[in-house]
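**Student:** Please construct the entire structure, taking both the sequences and the accompanying hints into account.
Protein chains in written order, with our numbering: chain A, 26 to 403; chain B, 27 to 191; chain C, 216 to 392; chain D, 133 to 463.
No lab work stands behind these hints, which were simulated from the structure alone.
Glycine is no exception: its CB is placed at the ideal position from the N, C-alpha and C atoms.
Computed far set for chain B versus chain A, every beta-carbon distance over 10 Å:
hint: 1; residue: E37
hint: 2; residue: E45
hint: 3; residue: G143
Derived list of chain C stretches under chain A, where covered just means 3 residues or more per stretch with a C-beta under 8 Å from a C-beta of chain A:
hint: 4; segment: 326-335
hint: 5; segment: 354-367
Cross-link-like lysine-lysine pairs, in silico, DSS-like; alpha carbons within 30 Å at most:
hint: 6; chain 1: B; residue 1: K120; chain 2: B; residue 2: K168
hint: 7; chain 1: A; residue 1: K207; chain 2: A; residue 2: K275
hint: 8; chain 1: C; residue 1: K341; chain 2: B; residue 2: K168
hint: 9; chain 1: B; residue 1: K120; chain 2: A; residue 2: K87
hint: 10; chain 1: C; residue 1: K318; chain 2: D; residue 2: K169
hint: 11; chain 1: A; residue 1: K87; chain 2: A; residue 2: K324
hint: 12; chain 1: B; residue 1: K168; chain 2: A; residue 2: K327
hint: 13; chain 1: B; residue 1: K168; chain 2: A; residue 2: K330
hint: 14; chain 1: B; residue 1: K71; chain 2: B; residue 2: K120
hint: 15; chain 1: B; residue 1: K168; chain 2: A; residue 2: K87
hint: 16; chain 1: A; residue 1: K87; chain 2: C; residue 2: K341
hint: 17; chain 1: D; residue 1: K271; chain 2: C; residue 2: K318
hint: 18; chain 1: B; residue 1: K33; chain 2: A; residue 2: K275
hint: 19; chain 1: D; residue 1: K271; chain 2: A; residue 2: K383
hint: 20; chain 1: A; residue 1: K383; chain 2: D; residue 2: K438
hint: 21; chain 1: A; residue 1: K327; chain 2: A; residue 2: K87
hint: 22; chain 1: A; residue 1: K87; chain 2: A; residue 2: K330
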Amino acid sequence: MNGDLRDLHQEILDLGTQGMVMNMGPQHPSTHGVLRLILTLDGEEVMACEPVIGYLHRGLEKMAERRPYRHFLPFTDRLDYVCSLANNLACAQAIERLAGIEVPDRAQWIRVALMELNRIASHLLFLGTFGTDLGATTMLLYAFREREEALALLEAITGARLTYNWIRVGGLPDDMPENWDKGVLAFCDLLESRVGEYDRLLTDNPIFRRRTEGVGVIPAEDAIAYGLTGPTLRASGVEYDVRRWAPYEKYAEIDFDVVVLRDGDTFARYLARRLELEQSVRILRQVFDRMPEGPIASKVGKVLKAPPGIAFSQVESPRGELSFTMVSDGSPNPQRVHIRAPSFANLTVLADLVVGNKVADVVAILGSIDIVLGEVDR
Amino acid sequence: MAQAELKERFEGALGGLAEAVEAEGSLVRVRVALPNLRAALLALKTSPDTACDFPANLTAFDTGQEMTLLYRLASIPNRWQALVSCPLDREDPKAPSVADLWPGFNWFEREVYDMFGVAFEGHPDLRRILLPDDWEGFPFRKDYVSKPSGSPLKGPQPTDLGEQA
Amino acid sequence: MGEVNPDLQSRVVKFPGGGVLVAGIDEIFNWARSNSMWSLTFGLSCCAIEMMATAASHYDLDRFGILFRATPRQADVMIVAGWVSVKMAPFIRRLYDQMPDPKHVLAMGGCACAGGPYRDSETIVKGVGEIVPVDVFVYGCPPRPENLIHGLILLQERIREESILGVRKREPITVQG
Amino acid sequence: MIEQALANPWIRQLANAALLLAVINLGVLVLIYMERKVAGFIQSRLGPVHVGPRGWLQSVADALKLILKEDIIPAPADRFLFVLAPFFVFVPVLAVFLVLPFNAGWVAHDFSLAALYVIAAGTVAIMGIVMAGWGTNNKYSLLGGLRSAAQLVSYEIPVVLAILAVVFYAQSMSLVDIAEAQRGFGWFIFHPPLLVAAFVYMIGQLAETNRTPFDLPEAESELVSGFHTEYSGIRFAMFFLAEFANTFFAAALAVVLFFGGWDGLPGLTGALWLVAKSYVLVFVLMWIRWTLPRVRVDQLLGFAWKVLVPIGLIVVLWAAASVVYAGGAKP
Chain A
26 MNGDLRDLHQ EILDLGTQGM VMNMGPQHPS THGVLRLILT LDGEEVMACE PVIGYLHRGL
86 EKMAERRPYR HFLPFTDRLD YVCSLANNLA CAQAIERLAG IEVPDRAQWI RVALMELNRI
146 ASHLLFLGTF GTDLGATTML LYAFREREEA LALLEAITGA RLTYNWIRVG GLPDDMPENW
206 DKGVLAFCDL LESRVGEYDR LLTDNPIFRR RTEGVGVIPA EDAIAYGLTG PTLRASGVEY
266 DVRRWAPYEK YAEIDFDVVV LRDGDTFARY LARRLELEQS VRILRQVFDR MPEGPIASKV
326 GKVLKAPPGI AFSQVESPRG ELSFTMVSDG SPNPQRVHIR APSFANLTVL ADLVVGNKVA
386 DVVAILGSID IVLGEVDR
Chain B
27 MAQAELKERF EGALGGLAEA VEAEGSLVRV RVALPNLRAA LLALKTSPDT ACDFPANLTA
87 FDTGQEMTLL YRLASIPNRW QALVSCPLDR EDPKAPSVAD LWPGFNWFER EVYDMFGVAF
147 EGHPDLRRIL LPDDWEGFPF RKDYVSKPSG SPLKGPQPTD LGEQA
Chain C
216 MGEVNPDLQS RVVKFPGGGV LVAGIDEIFN WARSNSMWSL TFGLSCCAIE MMATAASHYD
276 LDRFGILFRA TPRQADVMIV AGWVSVKMAP FIRRLYDQMP DPKHVLAMGG CACAGGPYRD
336 SETIVKGVGE IVPVDVFVYG CPPRPENLIH GLILLQERIR EESILGVRKR EPITVQG
Chain D
133 MIEQALANPW IRQLANAALL LAVINLGVLV LIYMERKVAG FIQSRLGPVH VGPRGWLQSV
193 ADALKLILKE DIIPAPADRF LFVLAPFFVF VPVLAVFLVL PFNAGWVAHD FSLAALYVIA
253 AGTVAIMGIV MAGWGTNNKY SLLGGLRSAA QLVSYEIPVV LAILAVVFYA QSMSLVDIAE
313 AQRGFGWFIF HPPLLVAAFV YMIGQLAETN RTPFDLPEAE SELVSGFHTE YSGIRFAMFF
373 LAEFANTFFA AALAVVLFFG GWDGLPGLTG ALWLVAKSYV LVFVLMWIRW TLPRVRVDQL
433 LGFAWKVLVP IGLIVVLWAA ASVVYAGGAK P
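**Tutor:** What follows is the structure, encoded as structure tokens:
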């Protein structure tokens, strides 16, 4: 290399090329709401990622402090709006534990049925949006087709399609409508006959496999250190399902498998949810055989006061461990309510996970973590 | 596992770091003073007796007289968990950061800072997380005074939106 | 088409010679605009899920020619589905400004209409109407897909009364939940 | 009078071009309607039904609306490139239709290097897309434009190789000759090397027409709308038109190259056969689009260079060998 050329080369090096900063969101088709990702890109490769949240923050926990315990229940619907009943349950459970209220058996069984039906609806939404994130739009419509059936069943019992507000402190507001159990079992059969379609469309699709396998791998130790829960954690090979780990309602008496996969990649996270559909169907089928007759709510005084103390609930929502921590000072209002939203904890891993991947993988990885911004921002 | 045994295990792991240890089912309630907080959390994480390596939750609450940090750590294989409470100095809330031990607590600490103004010493990136960056005050402190929200749009904006072409 | 619009007479006076033409063109373009309301893929919260459900197989917004476009530049209608926080408000205004005229806004759900259950929260804007001009308010928490479709049909009817000369009505329509 | 005028080659060519333009635009409107209906069919919904009988007028409404939308040129954009880009995409797509034979003698302009012309004109559109991506001054657009450039350049090669194999068989680069060579059900698709070539061609064209699984330049879930993110109104309509016209041309060219052109059962005019066969192929393209997920950019390029190009080269050698040694289609 002669002198001139060497100078030129040095000059190019001195130019100091830098990454391109790209703003993904808050309005972007694949951020599942209003998440904002500030990506620093080198070509198509992500060098750094900074998630910005809080675009839906409405101070729910602050609002809870201003209300009597039970008045907060309707607000919990709008946390993880894809699975409202899990939020209702987590909130009611925290109050029940704080105030020492028992729940009748029949109510517990119906709660289990509601949880699982809502879990199916939520996982179907995940399958659909995840397909869309990867460009397979049709999956969304297939999943919504079945989801619509699940919503009809939930509407039959709760009267709402999305924000149910059906679980009360100490039980449920009303019993199941007539023949509701038959409808649920028929839906179970329908869903089982349709999951094969999902597999043909996505799970077994070679393009889908190549897009997801080995992408965004979370090793088990990392998954634990980041505090991930739900299918996101179980896909990394950690067996932690609150339904088994700290059983609530009647889950201790039900026979089901905790779906645990080893790979920890995007595909495993997808597959974990896809396989949980079948486990939910399995649980639903057991519920109605064993449901006892009896009351559906225990007596709770008009003014609900809890003794001073700290209590927390743990519920396995479709996204992971949902936990309400309540602090009481003996007054009718809680002193502090904190919501441990699974999406919030799961999202912490994203920034480190996407580095070194392509832009397209960011979308796939984010989709596979399955967040709901309503509960991230609270 | 018997509660007494569980309590012993935790007391053994913590040594003299804890002020009080109570077992209740599979939950162990631990109270720690601020100077021992980090050491106690580290002991809970690393000691084979407790093995609480799963960062389940971190929050705080303010009673108006006292502000308390609340950590929840779980041991997944052993099926027990610890609820660690640590009172803070309400006038100048500070706490050591454990974001290096558990990256999962990074955002939880930011949230506590955002809502209570607790300064986590050693946190890599302590900024507001949920509220807008220019928010004033820490809303979850009991002495916080709510104010009506002003115009959501800052800077020059068309005054008559209806006629905007 | 053949029906005489009561507005027509006033336009003939306003634009001698060209009025009839304008009215005719209006009819055609309003027909096109009202039947091709591409909306922005923009969901905020719970209502966004119902918006998706409305677009999905069971309710199928494509029947009415309503497509979802990801970029504001190619959208005609912004469906604000969900609560608007103080942190989000400037972005919504920006998206609205990025949309090409003629553009319309549909506020979906109680939160977007008036703050909904979060009216006493400091971080929530009490209705998207404070930020952008709203054509249709669809109440409900969340509104059922049928309600949203009803709101969209009312919006179509409103568009049919507009003119390419920029004559627009600004009193919002309200659909109760 | 009209015949006299048409005798003038200039007027004749202009009339041809005008007729073609009308046919293409009409065809595209039908195609967009078809796309939405096919999507609806596959996704178990209805698609447009309310505008006109069975929603037939849906595309017309969309087109009219787009024409009268506000035309926004973003302030940071490079005005010159921004304005010019849609034309650079739209015009080449129209230009290639000039040499497409619809029936014996029904071709706007036939010349001996038509196949080469199609390839050459088609590549001009890449320029337009890169111009749109760069000129918009939007990062999504830039990424989309770059993806598009890489993709089109890569997939052009297998397509060219596939066309080359056909040219060996037909011993001509004129599309009319190629179609003529397949008369009486001597379709090239029935020859093993050209069957493979047809697959290579169709996969390449999927990428060239930016359709799933290769719709990366406008990947909605990643890049919002890719290179035309900032385009609104009529300029966006031009991209949209070009995309669908391109899809139709890709299918029609495939019919000419592999499926016998206007060859079909007697009783119907040849042009109808060509169009019908093209629509069947378009339906297949749509079917693929609404079924498959999208590939990633490195997989996309890897697939072109590691799989399609080698197969294309083998096909060319194979076709050449079978023409020389086994007689091929023509003596």
